[in-house]
Each structure stands twice: as C-alpha cells, then as structure tokens.
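Protein sequence lines correspond, in order, to chains A and B.
Each residue of the first sequence is one higher than the last, beginning at 0 in numbering that gives the first Met the number 0.
Each residue of the second sequence is one higher than the last, beginning at 0 in numbering that gives the first Met the number 0.
FYI, nobody ran anything at the bench for these hints, they're computed from the structure.
One thing to keep in mind: the hints can contain errors.
[What the hints assert, rightly or not] One side only, chain B facing chain A, incomplete, derived with CB under 7 Å: (1) M48; (2) P373; (3) A405.
[To be verified] Dumping the calculated DSS-like pairs for lysine-lysine here, alpha-carbon to alpha-carbon at most 25 Å: (4) A/K187 / B/K394; (5) B/K339 / B/K394; (6) B/K339 / A/K158.
Please read these numbers as outputs of a predicted model, since none were measured by experiment.
Using N, Cα and C, we set each Cβ at its ideal position, and we do this for glycine too.
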Amino acid sequence: MLAALLILFPLLAGLLVFFVKGNTARNLALGFSIIEFGLALGAFCLFKQDPNACMLSFDHVWVKSLGIHFSVGIDGMSLLMILLTTFLVPLIILSSFTTDHSKPNNFYGLILLMQMALVGVFMANDGFLFYVFWELALIPIYFICLLWGGEDRGRITFKFFVYTLFGSLFMLVGLIYLYNHTNVDGLKSWAVQDLYTAGRSLAENQQSAVFWMIFIAFAIKMPIFPLHTWQPDTYVTAPTQGTMLLSGIMLKMGTFGVIKWLLPVVPLGLEKWGGTAIALSVTGIIYASVIAISQKDFKRLIAYSSIAHVGLISAGILSANQQGIQGAIMQMLAHGVNVVGLFFIADILFRHTGTREMDKLGGIRGMNGNFAILFLIILLGSVALPLTNGFVGEFLLINGVYQFSATMAALAGLTVILGAVYMLRSYQKIMLGDRNDSNVAFGPLATTDKVVLSIICVVVIAFGVYPKPLNDIAEEAVKTIMLNLK
Amino acid sequence: MKGLLIISGLGILAMLAEIFKFKKLLFPMVLLGIVAAYAFNFMEWKTGMSIPYFDNMIGFDKLAIAFSGIIIATAFFWFILANDYFEEETNLVDHFALVLFALVGALMLTSFKNMTTLFLGVEIMSIPLYVLAASKKKDIKSNEAGFKYLIMGSFASGFLLFGIALIYGATGSFDLMQIRSFISEHAADMPLFFYVGVVFMLIAMCFKVSAAPFHFWAPDVYQGSPTLITALMSTVVKTAAFAAFMRLFMVGFAEISSVWTGILAAVVALSLIIANFSAAMQNNVKRILAYSSISHAAFMLMVILANVRSNLSVNALIYYSLAYSLGSIAAFGIVYNVTKKGNENVDAFNGLAKRNPSLALCMAVAMLSLAGIPITSGFFAKYFVFTAMIGTQYKWLLIIAVLTSAVGVYYYLRVVIAMYFKKQDTHEPITIERSNIIVIVLTTAATIAIGIVPGIVAEMFEF
Numbered sequence: 000m001l002a003a004l005l006i007l008f009p010l011l012a013g014l015l016v017f018f019v020k021g022n023t024a025r026n027l028a029l030g031f032s033i034i035e036f037g038l039a040l041g042a043f044c045l046f047k048q049d050p051n052a053c054m055l056s057f058d059h060v061w062v063k064s065l066g067i068h069f070s071v072g073i074d075g076m077s078l079l080m081i082l083l084t085t086f087l088v089p090l091i092i093l094s095s096f097t098t099d100h101s102k103p104n105n106f107y108g109l110i111l112l113m114q115m116a117l118v119g120v121f122m123a124n125d126g127f128l129f130y131v132f133w134e135l136a137l138i139p140i141y142f143i144c145l146l147w148g149g150e151d152r153g154r155i156t157f158k159f160f161v162y163t164l165f166g167s168l169f170m171l172v173g174l175i176y177l178y179n180h181t182n183v184d185g186l187k188s189w190a191v192q193d194l195y196t197a198g199r200s201l202a203e204n205q206q207s208a209v210f211w212m213i214f215i216a217f218a219i220k221m222p223i224f225p226l227h228t229w230q231p232d233t234y235v236t237a238p239t240q241g242t243m244l245l246s247g248i249m250l251k252m253g254t255f256g257v258i259k260w261l262l263p264v265v266p267l268g269l270e271k272w273g274g275t276a277i278a279l280s281v282t283g284i285i286y287a288s289v290i291a292i293s294q295k296d297f298k299r300l301i302a303y304s305s306i307a308h309v310g311l312i313s314a315g316i317l318s319a320n321q322q323g324i325q326g327a328i329m330q331m332l333a334h335g336v337n338v339v340g341l342f343f344i345a346d347i348l349f350r351h352t353g354t355r356e357m358d359k360l361g362g363i364r365g366m367n368g369n370f371a372i373l374f375l376i377i378l379l380g381s382v383a384l385p386l387t388n389g390f391v392g393e394f395l396l397i398n399g400v401y402q403f404s405a406t407m408a409a410l411a412g413l414t415v416i417l418g419a420v421y422m423l424r425s426y427q428k429i430m431l432g433d434r435n436d437s438n439v440a441f442g443p444l445a446t447t448d449k450v451v452l453s454i455i456c457v458v459v460i461a462f463g464v465y466p467k468p469l470n471d472i473a474e475e476a477v478k479t480i481m482l483n484l485k
Numbered sequence: 000m001k002g003l004l005i006i007s008g009l010g011i012l013a014m015l016a017e018i019f020k021f022k023k024l025l026f027p028m029v030l031l032g033i034v035a036a037y038a039f040n041f042m043e044w045k046t047g048m049s050i051p052y053f054d055n056m057i058g059f060d061k062l063a064i065a066f067s068g069i070i071i072a073t074a075f076f077w078f079i080l081a082n083d084y085f086e087e088e089t090n091l092v093d094h095f096a097l098v099l100f101a102l103v104g105a106l107m108l109t110s111f112k113n114m115t116t117l118f119l120g121v122e123i124m125s126i127p128l129y130v131l132a133a134s135k136k137k138d139i140k141s142n143e144a145g146f147k148y149l150i151m152g153s154f155a156s157g158f159l160l161f162g163i164a165l166i167y168g169a170t171g172s173f174d175l176m177q178i179r180s181f182i183s184e185h186a187a188d189m190p191l192f193f194y195v196g197v198v199f200m201l202i203a204m205c206f207k208v209s210a211a212p213f214h215f216w217a218p219d220v221y222q223g224s225p226t227l228i229t230a231l232m233s234t235v236v237k238t239a240a241f242a243a244f245m246r247l248f249m250v251g252f253a254e255i256s257s258v259w260t261g262i263l264a265a266v267v268a269l270s271l272i273i274a275n276f277s278a279a280m281q282n283n284v285k286r287i288l289a290y291s292s293i294s295h296a297a298f299m300l301m302v303i304l305a306n307v308r309s310n311l312s313v314n315a316l317i318y319y320s321l322a323y324s325l326g327s328i329a330a331f332g333i334v335y336n337v338t339k340k341g342n343e344n345v346d347a348f349n350g351l352a353k354r355n356p357s358l359a360l361c362m363a364v365a366m367l368s369l370a371g372i373p374i375t376s377g378f379f380a381k382y383f384v385f386t387a388m389i390g391t392q393y394k395w396l397l398i399i400a401v402l403t404s405a406v407g408v409y410y411y412l413r414v415v416i417a418m419y420f421k422k423q424d425t426h427e428p429i430t431i432e433r434s435n436i437i438v439i440v441l442t443t444a445a446t447i448a449i450g451i452v453p454g455i456v457a458e459m460f461e462f
C-alpha cells in the first residue's frame, strides 16, 4: 500500500497545485514534497525491519487480457533511488524560491507530476508499467523546459523530446518482443521475473538484438557517447530546476534501467556486446572531460562533466560484477546530490553577476566567503575526494571496471584526473584571482539559497565519512541482482 | 440493423424538412435519432445474435456492431460540432441529408456479407462526400477537392467493380462466405484472373483508405474541403473503410493471404515513409492531418497484415479506430475553430496557450494521442499494433513503423510548440460555441480515459 501511495500522493498533490494561485502553489508544493520524503523515509524504516513487508509492494490487474498489471514494489535498489528522488525534489523546489517563475502553479504542478513518474519508474515491477512511467516522465520535463527555458528553447527541447522518444520506441519493441516469448501456464506475462526468464531462453543473436534495442533507450537517457548530442544544449537551455531534475534524477532512470531491465534479461547479449558498450562509455568519459576542460560557460561545463560521470557509472554497471554495480548505485546517489548542487551554484552565480562565463568572473571568494566554502565542498564531492560522498562510488566503480579489463579501467580512471583539472580550474577562475568588473556586487546569499547549499554540503560530507547505511543496502541489493545475473 | 434503418429514415426525413417546414426541429431530431440508433446498436450487442437480413446480404455480427458503435458515436460528436456549420449554409437540409446518407453507407460497409452490398455501401458513402467536399461553392479549392475526389473515387469504384466481376467469374458467387468456402475447396486450381480480381479489390480498398501509393487525392481533398467535412472523412469514412477492408480480407480472402500480404506489406511501408516525411514538410495544418491520417491508415493496415485471425487483432483494430477517431474529432474541432479566420497554417496556432489555455491543452492532448505518447489512447493503439505484428514475419515493417513514428512526433509537436512557445500575432481571444467546447472536452477526456483503462475497449472480444 505504501508503495502505491508513494506514486499516488505526488500525482494528487501535483493536480491540486495546478489549481492554486500565486506563491501559495510554491509553498504548497514544497510541503507536499517534504511529506513525500517523509513517506519515503517511512518506507526506508519498514525496509530496515523487514525487506519483504507487504506494505512495500502493490499489485493490481490493469489490462487483464494482455497480462498487464499495475505492479509496483520496493527493493533495495529502488529504495535508494526513491530516497534520492524524494530528497532532491524538495531541494529543487526550495532552490527556486529566489527566482520568480511565471505561472508558478503550472511550474510546481509539473515538477510534482514529474516526481510521480520518476518514483513510478523506480518501483515498477511490470515491464509495461515501467515503459508507461518512463514515457510519462518525459512529458512534464518537456513542458518545463519548453515553457520556462532560455534562448532557442523551442528547437532544443524539441531535439531532446524526439531523441528520447526515438530510443523509447525501440525499447518498447524490445520489451514486446520479450513479452511475446513469455509463457506462464500458456499465458503471456509482463512481470519482471517472467521477462527475465523469457529473455534468457532466447538464442544469442536474438539476445543481441534485444540488448541493443533496449540499450539505445537507456543510452540516450544517460547519455552515452555518441548519443549525447541532445544533452549539453538541453541542460543549458532548461530552467535551473529543469536541469536539476534532468541531471539529478532523470539521468538515473537510464542507469537504473540498465541494472534492472537489461542486465538480467539478456546475459548472452551482454556477454557479446558488453565490451563494445563499455568502450563507448569510456570513450564518452574522455571525450566529455576534454570538452569540459575547454568550456567557457560554467553550466555547460557541468553538463559535460555529467556525461563523463555517467560514462563511468555505465561502464561499471556493464562490467556486471558486484563492485561495479554497487559502485554504480553509490555513485548514482552521490552524483545526483552533487550535480544538483553544482547546477544550483551556476544558477546563483548567474543571478548575482548576470553571466556564467568563467573568464568574466573572478575573486568572488573575497566578497562572499561562506559561498566559497559551500561551493568548494560540493566541488570536492564532485571530484570524489576521499571523505566526500563521491569517493566510495568512484573507487568501487574503477575497481569493478578493472575486473573486467585493466586497460578500460586505466582509461576510465582518467576521469579522476581530468575531472579534477576542469573542476579545480573552474573554481580558480570563478572564485579566486582578481575581481572582474561584472561581479562587483556579489552580495550575501538569500536564506533559502543558503539552506539548500548547506543541506547538500552536509550530505556530501556525512555520506563521505559514514556511507555505511546506504552502502549496506546497496550491497544487499546488488547481491540479489547478481543472483539474477548468474 | 435497427440503427441502420433509423438513420436511413432520418435521411429521408431531412429531405422532407424543407417541404414541410420543420427546419428548426431538424437538428434536435437528428441528434435524438442518432442516440436512438446507438441505443439499438448497443442492445443488439447485448443480445449478441447475428441475424442475416435480405437473403444474407447484410448481417450485424459483433464485429459489425462494434464498428457501427464507433461510427455512430463519432457521428454524434460530429453533428454537435457541425451545429453552426449548418446554420451558415443556405441549403442546410440538403447537407443534413447528404451526411446522413454517407452514414448509412458507412454502416453498410461495416456489415456487408455480399459483394453487392459492399459496392452499394462504398457508393452510398462516397457520392454524398463528393458533393460535400465541394460544398463551399465559391471557393476554388473546395471545387477542386470535390472534383478530384469524384474522379479518383470513381476510378477506385471502377477497380472495385471490376475486381468483384472477376471474382464472381471465378467463384460463381457474390456471397462472402460462399466465396471463402469455394476458395478453400478449390485452392489449387483457381484461375489467374481470380487473383487479378483480388488485387484489383485490394487496390480499390487502398484508394478508399488513402494508403500510399494511392493516396494522392487525400492531401488536396482534405485541404480543400470545408474543415468539418474533412473531419467527417478522416473519422467516420475511414473507420467504415477499415471495417470493410478487414471483413473483406480477413474473412473473405483469408485462405489466400499469401497472394495479398506481400502487396499489402509494400503498401504499408510506402504509406509510413511517404506520409510521415511529407507531413513533416507541410505548413498547412489540414494537410498535416491528411498525411497523418495516411500514416494511421498504414498502422491499421498492419493489423490486417498481421492476419492473426484472433480476437487480438480484431480488438487492436477496433481500439485503433476508436482512439484515432476520438483524437481526430478533437483535433479537427479545434482546427475548425482556430482557422475560422482563413489562415490554415501552423502559425495560426501561435500563442494559442495564451489566448485560450484550455483549448491549447486539449489540442496538446489530441496531438500527443495522435503521436502515441502514454497515457493517451493513441499510445495503446500503437502498442496493440506492435503486439500483433511482433509475432509475424514482418518485423522489418515494425522497425520502419518505429522510425517513422519518431518523425511523426516532429510534426505533431510543431503544433504544440507553436501554441506554447511562439509569439502570438493577435491578442483577441478565440470565441467558441459552447456546444463545440463540450465536444472537444468530451473527446479529449475520452482519449485519456480509454488510455488509462484500455481494457474496456480492448477486451470487447474475449480471448
């Protein structure tokens, strides 16, 4: 029941917020998203007591003749993803308090609907339902980017929409193909375990075809080189909150999808093509890092850094071993929090100085010391310094890739060095050095801005020093996943 | 059957309205009649008996009743939408009668059991439409549309008739079931001209459903005809043509499917590619919708191609027709109201979200449904087609369908972007009649409703 409530609540809340006028919508949305976080914490406590509690799953027939069920459930991995989602959404809403969006009711309503779809994606235990939520998540974010985005948003959001839909349709065909091979007492079924069985019964070349059909959808969403071309433009053009949703949570739909809906389904296909996919991911890491180094626009730099990070995550997952996948899950959590923080910093810089070009900034540390410290902590988390939240995941990931191939691991390891280069360089340009004319008046931060940054910093440090509670759940979750892979 | 009789009666009544001076009463009478027809149709579904009429010329089995239900319901919405269209016209009773007779033809097409009824149905449906397409007498485009439709339509009818004659020559019967059993008994020694006849009928039916390469009339006719007549063509007429197509090929010629499936696969592939890429290059909304209707025709033909004569494909086709009709009625209703000023290009929609937010929302839902995005019914429609196709040998068609669907999203979204993103040229709010609002909202809501609970329609025929 709790599982269904986690989806139903943001849906109702979102619909309600559409009908509220003015800033009440904003406050209401914040309240609702905090309640949703509370629900997720409740699920967390329940899960701690008994991972198989019946409150944590829900199953109801949707279309009987086609074997489609509204079947959702929380296991270890989805619990972590839900915690991430429900933790980030209130922060994202709070981060918008200093910006006045036109039609706030639509803006916040869409964010809550987006949350509904995201939570649904992470909980779906039915292939069809997974696809529906997957697509459903696209619609609110499309409108958020289209209605509140920056320059040239029409063309860019359009590219984004068509790109992702294109991938999704292939995934749909792949899933239907699997569904067609299921056989439970003579009937077809969409249940995740039945799809696993069906996938494994296929011959190698069939599995390869299914692998690519489904992988394309996930690769576009993450995005993996060479399917990333929609991403930098979209991230830059989208309103800050949209970018946060895209990079902080929506990107994880792709990596989550690979773990739950690809690896266990086509083991032979993975064996055959996993190496190619890892090579693509690693290429993406280096390619995106090099581009990030030469970026002038800070927001664009973060966008490229995100491609590099997700490349490593994907390489870790595709190497399909305990360390790789566990590292991926930990890194998904860390990256979600850090990237939201970084995009928020880009937003604050832009609001205070009117520019995101790093050459035009400088010497801000002298004007606002607090901001400099908060920025530094989040940045260090992002370059995965030990004792920050990014470290655990990155370490495990490189370890996992190493078990697959030492060369790949060496190449993927470049992300640590290159990441440090572009991140620290940007910090140096923006915060240190002489003052520039454009940022004479970098005043104190607004209270809500401070709150958001502080919460993120606390999380960065807390889960860097003591990652055990999350790591334990991730470890257990990966163990069950590994059972499915065997 | 009673539904068919009631609507025929209404048609005759409409012609008398001018003479006996009850023009004002005609509109409510027609609406009431349609509701009654629907009710009788529904009751026949409940009793579930399939009685043949007129020496087995016509018969309402469950399939026919389901399609009739969609057609009658669509027609009901259409009449409400067309309320003021009729008021503008000087000779409204003629138009009422023409539309009603077209409807009679459509219902005959769903329920024919004999080749002669098929031909009669096609003609009864088409001839009023030739006239209606040209009903904007002073508009040269409308005249062109009517003329083109007439020439092309007659050509197709010629093919149809010739095909029927050849098949009669080979089998000695007009009756669909007798033809079928004759084929299965003499499968080995059918003469060549029989197969020619089948291909002729296939060509004729492809003309009627406007599948490529027999689609050239559709964009011009759709653009030139009055918008509401276009709406009628792309919903009622299309559904009826598909019902006939399905019965003819999945019942009549099922035994010799190897003859026609190859051709049909080529037709589908061509339709998908030509329609979607042409639509992407259009500026006129009605032309876009015309090409979109060709692409949807291709999807429905895929179901027939899959030719699993199971309830799965029957359900798929019925669901597709319904989803497409609902989406189209909503879309055309909005297009009709937005383009009243004469500008029919996509930029007529610029800034609609500011001028009339709820109308823009409905249009967005209709467009998303036609593009096949969940949770609208258009998504499930596509899904059912994919499911029917994936077990067949035509997986390559499925790949084309997926790729062209992505192109399809391009032109549907162009309208959405225009509404929400482009600056408006005028600030005047759009005034819509209340009746139109009701239809648009109802069809949009239904589009979402059968998307959320597709089971109501998709399980009409039990497995």
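Cross-check of the supplied hints:
1. Checking B/M48 against chain A by beta carbon gives a least distance of about 24 Å; that is not within 7 Å, so the hint is violated.
2. With a least beta-carbon distance of about 5 Å to chain A, the hint placing B/P373 at the interface is held under the 7 Å criterion.
3. Residue-level restraint check for B/A405 holds (minimum Cβ-Cβ distance to chain A is 4 Å; threshold 7 Å).
4. Restraint check for A/K187 and B/K394: satisfied, since their Cα atoms lie roughly 19 Å apart, inside the 25 Å limit.
5. Annotation: proposed proximity of B/K339 to B/K394 is violated, straight-line Cα distance about 43 Å (limit 25 Å).
6. For the hint linking B/K339 to A/K158, the alpha-carbon distance of about 32 Å lies beyond 25 Å, and the restraint is violated.
In summary, the structure is inconsistent with hints 1, 5, 6 from the numbered list given earlier, while agreeing with the others.
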